[in-house]
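Student: Protein chains in written order, with this note's numbering: chain A, 53 to 453; chain B, 119 to 587.
Note that these hints are calculated values from the structure, not bench results.
Small disclaimer: the values here were computed from a predicted structure and weren't measured.
Keep in mind that a hint or two might mislead.
To spell it out: a stretch of chain A is covered by chain B in this simulated footprint if at least three of its residues, at any positions, have a beta carbon under 8 Å from a beta carbon of chain B; those stretches are [stated by the list, open to error]:
| id | segment |
| --- | --- |
| 1 | 241-254 |
| 2 | 360-374 |
| 3 | 379-390 |
We put the CB at the ideal spot given by N, CA and C, even for glycine.
Listed below, chain by chain, are the residues.
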Amino acid sequence: MTTRRKALQLFGGTAALLGLPGLAFAAPGNPRAGERRLVFIFLRGGMDGLSAVPPYGDPEYAARRGALAVPSPGSAGGALDLDSHFGLNPNLGEMHRLFAARELVVLHAVASPYRERSHFDAQNLIENGTARPFGREVGWLNVALGAAGGRVAAGTQAFALGQSVPLVLRGPAQVGSWSPTRLPVPDADLLERLAALYRGDALLDRSFTVAREAQAMMEGRDAGGGMDGATLPVVELARAAGEILGKPNGPHVAALDFGGWDTHISQQGEYSQLTRNLRLLDRSVATLRTALGAAWRHTAVLIVTEFGRAVAPNGSGGTDHGTAGAAFVAGGAVRGGRVIADWPGLGPRALHEGRDLRPTLDLRALFKAALVAQLGLGEAVLETEVFPDSRTVRPLDGLFA
Amino acid sequence: MSIESVIAVNRFGLGATPGELAAAGADPRGWLARQVGATAPASPAFGRLATSGEALKAYPRWIASLGKVRGGAGDSAQTAPRTVEGTFREQLGPIMLEEVTARLAAAASTPAPFRERLVWFWSNHFTVSAEKALVFALVGSFEREAIRPHVGGYFADMLLAATRHPAMILYLDNHLSVRKGWQAQGLRGSRSTAFPPPTGLNENLAREILELHTLGVNGGYTQADVTEFARVITGWTVRPTMFDLEPASPGFVFDPTRHEPGPRTLLGVTWPQEGVGQGEAVLRDIAVRPATAQHVATKVARHFIADEPPPAAVARIAHAFRDSGGHLPTVYAALLDCPEAWKQPLAKLKTPVEYVVSCMRALPAVRAAQPQALYATLRGMGQRPFFAPSPQGWPDTAQAWAGGDALWKRIEWAGIVAARVGSTADPQRLAAASYGAATSEGTRRALERAESREQALALWLASPEFQRR
């Protein structure tokens, strides 16, 4: 905090010296539209919400979760307390600090409108913004950028970090993508000739345009450790997302995929996939925050998954596909330090189909609130274009300052 | 050369080798049909590779070596730090590199590229992924043992072979799915706290068989069917486990002690069989259901005709599947009979593996590239061989592969290949001898006007035509 205050003082002083109006530096709560940033992190595979955000205060939790229950705060390996009812998994220490700094909202018992248990349909539906897995071939985040129209600058306003563009970002609005490379840059003359060659090819012409923009933006950047087996690509991608969005006139939106959450076996323990993933998520969020620099103040990071997992452990120390789960919104733009959950309970009669956490909040309410706050969209366009036929799902109140 | 021969060698095949377009030219459909008989000789590239039985022994050996690592107080500064991941890479990594090398070499030189493409197609349909460490050493043997023998046979046989293969059992956790009340006996693993013995069902494999391998997600099954099917295939497991240090005959095993006995009712049928026969009967039944025919036909048409498969083609292929009881050569013949398949050249964007292999086929000099370099290239392009991101396999539409970064990586690769082999290549002839009349005027002119052979080659490899099939 000291550094930020110093920076503010320095800036204020210089501004005064130059006779610039003090408003040139907007207050944190009131950024100019071009300063707001939105990051979408998709945890593919179905994050176990009851492990990531244990409802340790629920009297049924310990019994119904058995060996997979995260102990209450204060016990060995216990949860990090949030509000005396919910805790965070002990591997989410950085996120717990963000919560304490009021830069993280934790949501529970959330789900998309999907009620089956296929990963792939569930992911499609969350990304395309409709209530059907193959409702359309474009993603809501892309449609939202189009709908923001004049409120965002022209050109590439969204980036996918990774080699491919996830469905949530596909569509008419121009989207860049970037991942580390170790190969030499192709020579400029070849690139000019290719530009001409692609001009008659709509698909490649667009890809080439955004590829060159991305390369220009990331010029001189070290490839990082991202391509080596021993290092951690998702953390590298989070860093790159922060660097791209943190630029003064950088794009507004970034999306990154983080797979491997389908924990059907051995969730518990130091070497489990779930433990590893939670730590990587924790580091990714912290890395993103650092890389964004000053832009963090105006950023919202949505962290969601396609569904939660069954309440009872399966026969292999893991969990099978479920329904409702947990989600997070991090960033300086959120009114953090709160858990938002209309908790349905874990008693036998409270469960969805007798096995899963019952959804009490539609993920689209969270997405809508983020688009209102970060891209300035109105409800009319949200409930028709961005999330078709979603009038009954209102933007979640009070999530953002 | 006719457009049909361009489609035959590029879309149905893996990209023209020198002379291949001419060879297919007279009778492209016949050229394809001759490649998909009941059997085919194995590629010499696969000669020395490990069987799944041998690969399964690599795990206990690795586990045994970990004891030495953890107790390794003698590790000194001059040896590299020995971590769990490090020893895994060291001991099992070579298996993967050999597998990838052999697979690329076989594809780069096969005279039956349609058959090889079908192998890839079915491997992707029945995805097992080395993303899961337990399966890492088995993915290559899966393709050789469960897929290749059945590409010219029946879908039901391939489904059974894939489901019983150790790679599939381990990838989708069926070795950990047991009847209620089962007690582990005499397994060393039972004492491990990190890997406690299973205590009940794990429905992962049962669900993915129904959703991905057979009926399809809208194929009319329920959660109750999934759970019941999971009970049917309890006991379908693998020996050794990771902790059996002296395995006898490793591989698939049906363990009756793990199996939930008794008749089961699912998908509207009661299955009275006992033991392994019950699961086999269910698989043979669902393998030939109309929903399976529709699901498979849609995927075949998407792969070989267009991202948005024409409904008439899907119907024709599904019909052939149903009428023949899933006889795959009959299915392929129906595909080749679809007029839609022969209309539009360049209808599909190549995936990274398709792209790199087509470069290797077009330019024999590229086949000599270091396997590590090819592996790193494909990884950078987002398609590390054998590492599909999920049980759904690699995506099969242009949207998934056409992003800016994906294109940029291809251009980088085209530049490198051109720098290495461009001085000896004749790009204009190469274009004519692989895409013939499907090469646009603009691309032809760009090749003519290039400032050097190298640049012309880079332009051709990065051209809109060569990136498609």
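Student: Are at least 3 residues of the segment 360-374 of chain A within less than 8 Å of chain B when you compare beta carbons?
Tutor: Satisfied; 7 residues make the cut.
Student: Are 3 or more residues of the segment 379-390 of chain A near chain B, judged by a Cβ distance of less than 8 Å?
Tutor: n = 0 at 8 Å, threshold three: violated.
Student: Given as covered by chain B, does the segment 241-254 of chain A meet the bar of three residues or more with CB within less than 8 Å?
Tutor: holds (count 10)
Going through the hint list in order, the structure does not satisfy hint 3, though it satisfies all others.
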